[in-house]
Amino acid sequence: MNKAVIDPSPTDWNGHIMQKRIASRYAAERRFKAMGFMAVALSTLFLAFLLFTMLGQGLRGFQRTEIAVEFDFPALTSGATAASVTGPNADAALNSMDIPGLVELAVGQQYAGLGDSLLTSAAAENVRQMLIDNPELVTSKQTLWLPADSRLDVAFKRQGEPAAEKTVSALSEKDALRTGFNWTFLTGADATDPSAVGIWAAFKGSLMTMAITLLLAFPVGVLAALYLEEYAPKNRLTDMIEVSINNLAAVPSIIFGLLGLAVFLTIFGMPRSSALVGGLTLALMTMPVIVIAGRNAVKSVPPSIREAALGIGASPVQVVFHHVLPLALPGILTGTIIGMARALGETAPLLMIGMRAFIPAAPEGFTDAATALPVQIYLWSDEVNQGFVEKTSAAIIVLLIFLLGMNALAIYLRNRFETRW
Amino acid sequence: MVQGGNVKFMTGTALLFLVLGLGLIGWIVGRARASGFVRNAKGGPRGTVNSLPYYHGWFVAICAVTPALLFMLIWQSVSPALVTNMVLSAPAAAELPQDTFARAAILSEARAIAQGFQTTAFQDMSGKLVPLYRGALSYYKWLGVAATLLLFFAGGAFAFTRLKPDFRARGKVERVIMFGLLLASLIAIITTLGIFASLIFESWRFFSMVSPFEFLFGTDWNPKSVVTPGADNGYGAIPLFWGTIFIGAIIAMIVAIPLGLMSAIFLTQYASANVRKWMKPILEILAGVPTVVYGYFAALTVAPAVRDFAVMLGVSNAASDNALAAGIVMGVMIIPLVSSMSDDSIAAVPNAMRDGSLAMGATKSETIKQVLLPAALPGVVGGILLAVSRAIGETMIVVMAAGYTANLTANPFDTITTITVQIVALLTGDQDFGSPHTLAAFALGLALFITTFFLNYVALRVVKKYREAYE
Chain F
1 MNKAVIDPSP TDWNGHIMQK RIASRYAAER RFKAMGFMAV ALSTLFLAFL LFTMLGQGLR
61 GFQRTEIAVE FDFPALTSGA TAASVTGPNA DAALNSMDIP GLVELAVGQQ YAGLGDSLLT
121 SAAAENVRQM LIDNPELVTS KQTLWLPADS RLDVAFKRQG EPAAEKTVSA LSEKDALRTG
181 FNWTFLTGAD ATDPSAVGIW AAFKGSLMTM AITLLLAFPV GVLAALYLEE YAPKNRLTDM
241 IEVSINNLAA VPSIIFGLLG LAVFLTIFGM PRSSALVGGL TLALMTMPVI VIAGRNAVKS
301 VPPSIREAAL GIGASPVQVV FHHVLPLALP GILTGTIIGM ARALGETAPL LMIGMRAFIP
361 AAPEGFTDAA TALPVQIYLW SDEVNQGFVE KTSAAIIVLL IFLLGMNALA IYLRNRFETR
421 W
Chain L
1 MVQGGNVKFM TGTALLFLVL GLGLIGWIVG RARASGFVRN AKGGPRGTVN SLPYYHGWFV
61 AICAVTPALL FMLIWQSVSP ALVTNMVLSA PAAAELPQDT FARAAILSEA RAIAQGFQTT
121 AFQDMSGKLV PLYRGALSYY KWLGVAATLL LFFAGGAFAF TRLKPDFRAR GKVERVIMFG
181 LLLASLIAII TTLGIFASLI FESWRFFSMV SPFEFLFGTD WNPKSVVTPG ADNGYGAIPL
241 FWGTIFIGAI IAMIVAIPLG LMSAIFLTQY ASANVRKWMK PILEILAGVP TVVYGYFAAL
301 TVAPAVRDFA VMLGVSNAAS DNALAAGIVM GVMIIPLVSS MSDDSIAAVP NAMRDGSLAM
361 GATKSETIKQ VLLPAALPGV VGGILLAVSR AIGETMIVVM AAGYTANLTA NPFDTITTIT
421 VQIVALLTGD QDFGSPHTLA AFALGLALFI TTFFLNYVAL RVVKKYREAY E
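Top to bottom, those sequences are chains F and L.
Sequential numbering of the first sequence, starting at 1, is according to our numbering.
Sequential numbering of the second sequence, starting at 1, is according to our numbering.
Isolated chain L (complex conformation) (with noise of 0.2 Å):
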């Protein structure tokens, strides 16, 4: 199994290998050639040779390397297809049974066979196409690489024929260069396009089998794996909706708004250079420690801290994943967050507008709380919400402090559950790829990126439209 595990996948990187290699050759047989036009120029050191040798190396390299990569990543795609095609044509695949779900297993399971990823055969059937499907793979494998190298040697050779003293080498390579940038580019685009069209594609299957209604207005959340149209079918979302923004836009802020807006206030206002040299980056330090570690120490040290104090006034029903200690580490985490967008926004303030009211005999904090904070105010919110969109989009604190039960209540020390939670929740359990449980996560990861998005984008706007206010 090993031995043979890779096989498909070693060809395949082998293959690439032999690509660049031979790439590298290119480039060196074509940088010669163009060293030679240099050295037999008339008139100067360069005489009339376009471009500079390593340029026509690069022509020839793209030219022979290009295709080649394309027609790889194409035959990977297209090869499977054309393998089932030679199999099911052979005299052996008549008897496959009609039924489609029968006939697509069999073929897999021979199909792993062949290709070393599985030993033993359960359905007796698949044994016999094994053989079939080692001959198809290899003879569409090796069509494949002689393919990939015919077009590789196809581009080298009409490159090298095309090199000559007076080509322009250098203006084609750069054109290749900038299609690159550009492609690279878009990959943003075509990011933010796969997660937006996988979220809707997913969750419009969801609520083909769910009803959007009782998604978004529905007040019980208990999913069931088997929907019934028209019946409850425990996929109401407010209880989440509910837990999130409590857990991420109230109990994390409370924490997280006073105690980044004064550490910025105190940071850029008071201390001393010396302080504020080693004070920012400890905090800094906040931001950096990851998600999972603040989650541990949610659950394991403040989570019980909190429920003893719970008890302590009185509170006789508080668990121990309650909301409150996820939230108060949530807001620890975002700290930083907030205090360096107040920070930025307080030092945008004109510093004339400080110096006038420290003249007229304000004291710092008047002067903080009555001029710098008032203009300073739609850069702190704007750095607000993108904390609070932060909060609402953590996973791992809440995944392991608060709790999984739904719980539409207003009680910190009570279980409640998030969005996130309840994502990573539907999508850890064995089933497949189009039951309700997983298709009901990319619905609630859909409200997460819209909702986000929304944030964020106005966010950016506040922040954008202030500096420009003082520009």
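Just chain F, with the same shape it has in the complex (with noise of 0.2 Å):
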């Protein structure tokens, strides 16, 4: 837009009022210019801002502070031998070892008068693990470290309570903290003490739930996609059907979770805040959006295929399953793994039919109590206990991480398949 190539004509272009028009219709081309810069400016800003504030306050959940404690376990153990905890009697060896009161003693000795308890609920148990996996450690003097409690893990980490700061800045002295990585996140499940839950229970209900919901909504999605797309005679019910399926894709997730109650958990009486039922739910909600995906895909393959097919003899069965299913196959993918990942995310309709339940160790079949993820996340954000925040903000790191992840094999899938016809 050059101001030099205006033509001269009746009206007074290079006159003063023109001049001043035309200005400012270009300030206000600027200004509406800059508006719409700022919107997506400001909606990246948001979602960085967001992902920054979970990874900051969330990459600390996945450590742990850990405090050096003596054990001189010939003299505690009055004098058990590696070979005495290894073996087959090794439980009752280290049942009659007494670990809880050991950690106790040492603890007591070594940090007396820093308060009682300076280590998490679980170190007894990390204690029996270490004895375990290196019974050679029970001959001598071992320093062992061991999970702080989630009081000075938080005054350590950040700024905690008072007493507990002060507990900190003693031991800071002795030398006797450092940080390490917190497995037990990885492979625990739920706890009352923040410093000994982990997500595996909460993950692996999750992983149940997808597959029950990928098992049910995908072959069922795929066959009604075909079925409208390329069968369905003109009438009534197919009328219905399409109605049903784009109401269903926009019916808010909690419905679904009120259908779950009412039907699977009261009329027929399976079993509450199960995998099975959850997944049941889910599907119920992911199939409209394999459907209206699927139908996208089967209408983009073009017609000429099905012409060929039925040229040389195939039936209209044929003609599908063997030509017109596999060529949308990518496309259906795509769209089944983008409604997966909404269903993975969701939370609502696993609260109403009872997903919510303290679940203390992950899940070993279908039909027992269990959690997800994303529910697991809530409950943890309703904790008073300030270290529960890491933890809720590390699992969110975790349920994005798989999230984006499935969101960027959808768009790999659909970039490497994807065939213009």
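Treat the hints with care, as some may be off.
[Stated by the list, open to error] Non-contacting residues of chain F with respect to chain L, defined by C-beta distances greater than 12 Å in every case (computed): (1) 88; (2) 100; (3) 137; (4) 139; (5) 302.
[Claimed, not checked] The calculated BS3-like cross-link candidates involving lysine-lysine, where the alpha carbons are at most 25 Å apart (straight line), are: (6) 465(L) x 299(F); (7) 364(L) x 277(L); (8) 33(F) x 465(L); (9) 280(L) x 141(L); (10) 280(L) x 364(L); (11) 33(F) x 464(L); (12) 464(L) x 234(F); (13) 128(L) x 141(L); (14) 33(F) x 128(L); (15) 141(F) x 174(F); (16) 369(L) x 224(L); (17) 20(F) x 33(F); (18) 141(F) x 157(F); (19) 299(F) x 464(L); (20) 280(L) x 224(L); (21) 20(F) x 369(L); (22) 280(L) x 33(F); (23) 234(F) x 141(F); (24) 465(L) x 234(F); (25) 364(L) x 20(F).
[Said to hold, decoys possible] Partial chain L-side listing against chain F, Cβ under 8 Å, derived: (26) 200; (27) 202; (28) 314; (29) 316; (30) 320; (31) 445; (32) 447.
For the record, the hints were derived by calculation from the structure and aren't laboratory data.
As the structure is a computational prediction, the values presented were derived from the model and not from experiment.
Even for Gly, the Cβ is constructed at its ideal location relative to N, Cα and C.
With the hints as a guide, dock the two chains, each given alone in a separate frame, to form the complex.
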């Protein structure tokens, strides 16, 4: 837009008034563009702010504070040998050692006057595991690094309660504190003590729920999409099916939870808070997403393929299952992954069917009481204990990594296998 | 308990796998027989054999597996009643109390013990019934297994005898496939009807306890667990409706409409292809973040910031679970939806209109404001209606960031509750299914369902009509 090219004409374009007018129009143009830019920038900034907040808090959740505790095993266990804690009687031998008592004794001797709960409630369990992994420890004096209590953990990582801060500085002076990677967080289950919690149980519950969802929603969704695109006659029934699917895709997720509660739990009497019912409920929610994505994918297969197959004698069913479906599959898979990602992040319907129970161990079967990762995040966010803040954010990081991974996979699949006809 | 706990379930699963495995064998046998026809056929490689061998295989497998699976399904629902009948007809059952509730409690306990779900009896009577239950359960279990297998082999044998070179296996199998396709599509209707029926049924039960008039027009939400007919029971849902509209349709939209619309305009009209390629997926990520994450972020970061801001402004009674924080975060969640719907409808405006405006000397922004947006308006409005429907049905953000106290106020710094928050709150306690609290949740669900259904219907109609206008 160069002002020099404006043609002289009856209107006095170069006059003062016209120039001013044009300048103000261009200024409006610039303002409008800047507003558009601001909108995009604000949205992006919000996303960045959210992710950084979660990362900033959550990364600490993968770490734990450890305290050095010296164990004089020969004295404490009155001469246990490596042989006595291995072999078939190891369990009984370890039980008779009274490890929680040993830990308390060792801590009491070493850090007298620093309060009684320095270590997390799972510390004795950790010592036991260390002894099982390495029985030689029993024969000598050892310094073991054990996870600290949640209050100290919070105080060491950032600001905590004054009492805990004092203990931490006393321990730091003795060089008895360090930061280690929190394996318990990846392998453990829910607990009342934030320094002993883990996400494995919730994650396994999510995986089992997703397995049921995929198993039900994918075949039904694909078959319904094929029927509606390829075979459905134009009649009232087909219209009703289409209206139902479009409506179901927009029904609030909490309504599916109410359906699950009223039908699966109350009428069918299925086990409450199980992965089975969760999967069924989410399958009903995901199915319409797969149908809509599947229909678009099937629609994009050109008619010439169908005509060619029909022309050499294939039946209508053979045309679809031998030719249309394989060609539409990448598109269907992309839609399925996106639908599954949405189901994986869904919380409200699972709350309705009772998957909010306290689950201290990973579920073994599909009918066991289970919880899911987003529900676990919700439950932890409700805890008053400060130690849960970073655990919640850390669980969110794990969830986001999986969701972004699934979405990236969907985009990759689309770019890799999509055929432009 | 772990050993015995899944006995009932496991036999069902094991039988299912057995039937499916046998079905695979049926498929192989059928195909092998048809391959025999092909080998022995006269005249050409396939001769007079009508269908490919694997269609014969499918025919046998379908004929054998379908009746067996159907029977298993029916048996699952019928056998508990048969077991109870058998136990009740035994002489020991004559000592059962006549009271229906006590009777049912004893029976269910005895059953749970017999199945291994429970280990100790709390009632004397149920201990006596346990052996009876065990006997009846195993009797009917083996009866069911035997009947399933019998049906399987009968179906398989019937199908196998039908196999002949000129048997039209393909036509038969394809008819089953078509039926399966139709059945899969019908699940959508069944689900919709299921949602509607369960909401209506439970709401009807609720309205037989609490008057619909109180529910729809009452302004006092403080639900009592015991209701007295005719009195005010604290089930006036007006504050919830208002809270839902205030957060979802007003605050969230004030955030989402300008940001979403302007983002769409910038990305489609001004941004270079490179910027668009990167920015669009980034905006899409906003839609992919789970709502529980937004809720946590709103409660932990945004809400305290909003409260501090309110205190700075001089609003002294700002709540920590204020409506503004939940609304803002919900608006951000909705941005991609508004943006992509606006994007689509702006792109659908014919290029001739835009080119004509630019050719007349209008600047880009004048073209957008005076030509593109008015032309795209129906599509944009449709998108906004869909966004409102998404926002009022959204649960986790408001559950975590908004309050639980019903409050009829327009002060965004005050605490406010919504329909979805109250559904979660009502269903959280350990109430039994028939209590007014539980049923009220279904009545709220019905209100939500009808509203979102209506909004979606109107939105889709508007968008569709508008698309047709330019096609």
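Structure-based check of all given hints:
1. For residue 88(F), the condition that its CB be more than 12 Å from all CB atoms of chain L holds, with the nearest at approximately 23 Å.
2. Every Cβ of chain L is farther than 12 Å from the Cβ of residue 100(F); the closest lies at roughly 26 Å, confirming the non-interface assignment.
3. The beta carbon of residue 137(F) is kept farther than 12 Å from every beta carbon of chain L, the shortest such distance being approximately 33 Å.
4. Every CB of chain L lies more than 12 Å from the CB of residue 139(F), the least distance being 37 Å, so the non-interface label holds.
5. With a closest Cβ-Cβ approach of about 20 Å to chain L, residue 302(F) is found to remain outside the 12 Å limit, as its non-interface label requires.
6. Of the pairs offered as hints, the one joining residue 465(L) and residue 299(F) holds, with about 21 Å between alpha carbons and a cut-off of 25 Å not exceeded.
7. Annotation: proposed proximity of residue 364(L) to residue 277(L) holds, straight-line Cα distance about 21 Å (limit 25 Å).
8. A threshold of 25 Å between alpha carbons decides the hint, and for residue 33(F) with residue 465(L) the separation of about 30 Å lies outside it, so the pair is violated.
9. For the hint pairing residue 280(L) with residue 141(L), the CA-to-CA distance comes to about 58 Å; that exceeds 25 Å, so the pair is violated.
10. Taking the CA atoms of residue 280(L) and residue 364(L), the gap is near 21 Å; set against the 25 Å cutoff, the hint holds.
11. Distance hint between residue 33(F) and residue 464(L) is unfulfilled; the C-alpha atoms sit about 30 Å from each other, more than 25 Å.
12. This hinted pair checks out: residue 464(L) and residue 234(F) have alpha carbons roughly 18 Å apart, not beyond 25 Å.
13. For the proposed pair residue 128(L) and residue 141(L), the alpha carbon gap of about 21 Å is at most 25 Å, so the pair holds.
14. Of the pairs offered as hints, the one joining residue 33(F) and residue 128(L) is violated, with about 83 Å between alpha carbons and a cut-off of 25 Å exceeded.
15. With a CA separation close to 18 Å, the supplied pair residue 141(F) and residue 174(F) stays within the 25 Å bound.
16. Taken as a hint, the residue 369(L) and residue 224(L) pair is broken in the structure, with Cα atoms around 53 Å apart against an allowance of 25 Å.
17. About 20 Å separates the Cα atoms of residue 20(F) and residue 33(F), which keeps this hinted pair within 25 Å; it holds.
18. In summary, the hint linking residue 141(F) to residue 157(F) is not supported, as the alpha carbons are separated by about 29 Å, beyond the 25 Å threshold.
19. About 18 Å separates the Cα atoms of residue 299(F) and residue 464(L), which keeps this hinted pair within 25 Å; it holds.
20. With a CA separation close to 49 Å, the supplied pair residue 280(L) and residue 224(L) exceeds the 25 Å bound.
21. For a cut-off of 25 Å, the pair hint linking residue 20(F) to residue 369(L) stands: about 21 Å separates their Cα positions.
22. Our distance criterion of 25 Å between C-alpha atoms is met by residue 280(L) and residue 33(F), whose separation comes to about 17 Å.
23. Only pairs whose Cα atoms come within 25 Å are accepted, and residue 234(F) paired with residue 141(F) is rejected, the gap being roughly 83 Å.
24. For the given pair, residue 465(L) sits about 20 Å from residue 234(F) by alpha-carbon distance, which is consistent with the 25 Å threshold.
25. With a CA separation close to 18 Å, the supplied pair residue 364(L) and residue 20(F) stays within the 25 Å bound.
26. Interface hint status for residue 200(L): violated, as the beta-carbon distance to the closest one in chain F is roughly 11 Å, over 8 Å.
27. Interface hint at residue 202(L): satisfied, since its Cβ lies 6 Å from the closest Cβ of chain F, which is below the 8 Å cut-off.
28. Look at residue 314(L): its Cβ only gets to about 26 Å from chain F, farther than 8 Å, so that hint breaks.
29. About 25 Å separates the beta-carbon of residue 316(L) from the nearest beta-carbon of chain F, more than 8 Å, and the hint is not met.
30. With 8 Å as the threshold, the beta carbon of residue 320(L) stays out of range of chain F, its nearest partner Cβ sitting at about 14 Å, so the hint is violated.
31. With a cut of 8 Å, the hint placing residue 445(L) at the interface with chain F holds, because the nearest CB-to-CB distance is about 5 Å.
32. Checking residue 447(L) against chain F by beta carbon gives a least distance of about 11 Å; that is not within 8 Å, so the hint is violated.
Comparing the model with each numbered hint stated earlier shows that hints 8, 9, 11, 14, 16, 18, 20, 23, 26, 28, 29, 30, 32 do not hold.
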